[in-house]
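Engineer: All chains, full assembly: derive it from the sequences and hints.
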Amino acid sequence: MVVLRFLILAPLAAALLNLFFGRWWGKKTTAALACGSVFLSFCGALRNAYAIQIHSLPAQRVIVDEIFTWIAVGRTVIRMDLVQDNLTCVMCLIITGVGFLIHLYSVGYMAHDGGFRRYFIYLNLFVFFMLLLVLADNLLVLFIGWEGVGLCSYLLIGFWHADMKNASAGKKAFVVNRIGDFGFLLGMLVILLTAGTLSVTELKSAVALQPIASGTATLICLLLFLGAAGKSAQIPLYTWLPDAMAGPTPVSALIHAATMVTAGVYMIARLHFLYALSPLASGVVAAVGAATAIFAAVIGLAQNDIKKVLAYSTVSQLGYMFLAVGVGAYTWGIFHLTTHAFFKALLFLGAGSVIHGLSGEQNLQKMGGLRKHLPVTFVTMLAGTLAIAGVPPLAGFFSKDEILVAARLAEPAVWSGRVLSGIGLAAAFLTAFYMGRLLCLAFFGSSRVEKEKAAHLHESPWTMTVPLMILAILSAIAGFGHHHFSEWLAPLFGHAAPTPADIHDRVMWASVAVALAGLGLSALFYIRSPGIPARIAAGLGGLYRLVADKFYVDELYDRMAVKAVYWTGVLSHAFDKHVIDRLVNWTGGSLRAGGFVISFLQTGNVGHYAIWFLAGVSALLVLFTGGAP
Amino acid sequence: MTFFPVGLSHYLCLSGVLFTIGVLVVILRRNLIVIFMGIELMLNAANLSIVAFSRHLEDMSGHVFVLLIMTVAAAEVAVGLAILIALFRTRRTINADEVSYLRW
Amino acid sequence: MNFETAVANLGFRDLAGISPALNLILAGIAILALDAILPMRSKLLSAWIALLALAGSLFASLHRLAVGADISAFNHAVRMDPFANAFSAIICLASTLAVLSAPKYLKLREVHLAEYYALILFSVSGMVLFGASQDLLMMFLALETMSIPVYCLVGFTRTNVYSTEASMKYFLIGAFAAGFLVYGIALLYGAAGTVRIEDLAVGLDRAPGLFYSGMALLLVGFLFKIGAVPFHMWTPDAYEGAPTPVTTFMAEAVKAAPFGGMLKVLFVGFGFEEAMQVWQPVLIGIAVLTMTVGNLIALVQDDVKRMMGYSSIAHSGYILVGVAAAAELHSTDALAAVLYYLFIYVLMNAGTFGVLILFSSKDKDANHLDDLVGLGRERPWAAALMTVFLLSLTGIPPLGGFFGKFYIFSYAIQAGMIPLVVIAILNSVVSAYYYLKVIGAMYFREPEDGARAVFYFEGYSVFLIAMLWLSAAGVVYWGIQSETPLLLAEQATASLFKPAP
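Chains as they are written, first to last, in this note's numbering: chain H, 1 to 629; chain X, 1 to 104; chain Y, 1 to 501.
The reader is advised that the hints may include incorrect statements.
Stated by the list, open to error - A short, non-exhaustive set of chain Y residues, derived as facing chain H with CB atoms under 10 angstroms:
# : residue
1 : Ala177
2 : Pro208
3 : Ile286
4 : Val288
As the list claims (entries may be wrong) - Counterexamples of contact, computed for chain Y against chain X with all Cβ distances above 10 angstroms:
#  : residue
5  : Ala16
6  : Met40
7  : Leu141
8  : Gly155
9  : Ala166
10 : Leu187
11 : Pro236
12 : Ala384
13 : Phe406
Claimed, not checked - Here are some, though not all, of the chain X residues that point toward chain Y, as calculated from beta-carbon distances under 7 angstroms:
#  : residue
14 : Tyr11
15 : Cys13
16 : Thr20
17 : Val26
18 : Ile69
19 : Val79
20 : Ala86
21 : Leu87
22 : Glu98
23 : Leu102
Just so you know, these hints were derived from the structure itself, not from any lab.
The beta-carbon is built from N, C-alpha and C at its ideal position, and this holds for glycine as well.
Structural biologist: Here's what the structure looks like:
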């Protein structure tokens, strides 16, 4: 059993070492340190998973590392404890495992970048915060990790900050996250006020003894969901994720696909006992998830930047995960999180390989026929596309299928199970379609690549292709473990009720059909008859523009919120400058003047000191003896 | 001719007067050596009162105390005079009023 | 117990009992002897001996504190209980940091003498015994043992006019205060018939007038040492005039040690209801005055050392708030908060002065605000360290200074002293100005003539760098992880009221 604090400290140590001493050792050492530390953490997580597995007693199936009491004021005690149970095991393995592969990939991808060292410092820091988030027992400590990953996300999105656009994207991500975090903080506050503790283990036992009132639980869950929506890019706080593609592609893979954006789902799964108390909140979660799934999928149809397609795809898939946890199928939500981590990371890394090979080209319309030049990338991306579309027997099929079944059978608030399942199915069709579109536009057909870029076209080095292959294999076979997966998480979430075979089969066939239809249609549109999409776009005219321009959501926010806030800011600034600043400066000035005056009492003459001394003594004597000697 | 008994209160009164004189010397006189003398006067006034109390309470520890205080006072004075000499060597004055570069 | 048995009972056991202090005294004597024998080679060796002795005492004290040892020595004149051990640990830590900062600077000023280390060791031994004293006589002796070497140390750079002036002023006011202290002891002795601290209470019944007067004068002696208003006027001069390593020593050890004795006297000697009702309100008033005067005058200072002198006055004010709260609550946990504050204070201050020493040169010190301009660009690490210390002094989380103030103010609020806490917090806000002014000078001001600022690095030494990094790490770590220091402090203060074994 590996003590938990070492799990999270390894990447932090690597980050600090690279920060202080990285100047003196070369890129090889920096990379080795960075990748090695994450690998060590991965081994530690594996070891812990094994340790949990072999113990049958419930008490030993949880590893606890009590570090210290951070804040103890009155009755509120906040401890820095780390807890590893089955759920956090899964998350840790994903973070460190996929994280390690992405670190490895980054060595090749960022090899010629001047900010190599800085990149790995940020990346390690991110892994540290993410692990802290996942392993924390106390919600406040989780929040530290939450904020920390937001910070690293900001740093990495705006990594090439010389270009204002990138810096703005980072800023946007941070600000939108902040709005969500506000909800999270309020939710934590309400939890603290009602239950008196922020520790998840204590909350669980407290709620088991005496459930929180439904209304309060709803409030808490909705507030926390606001935080999750910010972090995991759901409606209405998803707008930062597409912009976040300004960062290096491995960053998009790790942070904006596999780990950070899943923090919201994880948080809800961790606090499932709270969501169980509030059907309304769960229903809202499911509804928002479903709505986001289809909304983002629609936008993804018309995007031409390869990374933006994947970004909207991520938003959409996250919607699936929220749909799952919203209907109570926590196990399947986490399962989809896992499979999504595999194939989405794969897709992003593959896209990165394409971009790398094309010397920076990201526009799908300027690609084509790459399958001959980038064979490994093509095969692995094919695997990823099939997985995300939900074609059996790859992983995505199993996870998506189980979610749709669970949704169909559930009876949530807001929208009924049938509606949710239907929306999910429609989104699955769109997913298959736009992913197929991506694959076809990039790898099939005649080459539309610019001449200079075509000249340098090359497959990526082994440091980039090996992770792709590993992830492709995982995407292919992970689905077969879905029974083991639900068994593994059963101690936390209970066993799912057995599903009626006929509904299960119907949904399964429907999802397969939809996946194949989507892929087939995309092949038709983009390989066989390339002219069709253009004609449809022209025919739809304004509607197409609407979708391609992301439904003008950003512009709407800008008008509604940003401009309003801006003008409030201008007014406040005027008031601040002329009223408040005057007051504050006057106070400060008068204090300084007071200090100046008093300082003259300090004359430097010892006799005067003695006089003051005597005055003090006399005063004290009088005060103590009450006047009468 | 009878002498009235000299009791504790007389000693204390004397001690208080001496102490006050010592304090005034420290405050009012400008010559550093005289100020030292004033401090010594204060310490010895305290010694006097301790001895008086000790006699009154018939407790030996007061006398012991006074001896120790005198020792400490002597050490203090030695150090003080050394500091005075160092000061004189740099500033060529032992007037307390002139030694006030550090102020405000 | 009569005289014969008392003497017969003395033995090695007693010497072993006070071993943290004895260690230091012996090391001091060894240094002086060494210097007499090998005058040429002895300076650095003396520094090492001093460091080892201090480290040894530090570990001995910590060990004793951890195991909860409570050893009386010399017929209960001295009692090394957890309280004394805690203070001993804090003081030895403070002195270690101070000694680490000394060697290079003293070499630059050409006063690198072995006597420096001997004086420090003797002074620290006095401090250790001060916290452990059980009667007023011992306390006075320890106090003087502590103070007299410091008078010398302040004037150590004999050729510097400011140094000798500071030394003279400190000495005069110090001796003046000692006079009041002794008179206070005299009156208490007369009232109580004994000088043992725990037995002083009988004096209240026998001679209340004498008792209260004595209490007042005794308190004056302590308040002088910690720099409370209106007994504070020596502090800025002494801090500014002394050579900076000595200032470091004063700001930490000489600031922390008197609190040990003061707390013992206040809570053990005058810890009963009638006396507390007299001294507690006065202490509150003095705390308010001290904080305010210290902070206000610091606002207009340009010399960093003088400013830190006023800042230390202000911090004494915050500590007095904690003491008053502890009195109100009758709680030893509140006193533990005071101990924790002293511990963090030692670390913060060490670093601040350490950075100033770092940039001193043969000809001049880097004590003025203008001397630090541009440090952020030229020496980013040093500026960063300085920023950490200054922010901690201001009380910015998550550094130690914040938690120190937080705990003290929490207990004060618990005690219901809301207006006092408000004043204290307002004072903290005011103090932010002068601390941040230094940070501003380092990072945001440009040198006047447009050229890049030049920083002499002659004060560099491995000792100093080690001291700076240790202090910074301590401020950050023990701020977040305040559990362990607080636990130890609670053990320490709880023992204040337990009778001797």
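Engineer: Hints numbered earlier in the text: which of these fail when held up against the supplied structure?
Structural biologist: 4, 7, 8, 9, 10, 11, 14, 15, 16 and 22
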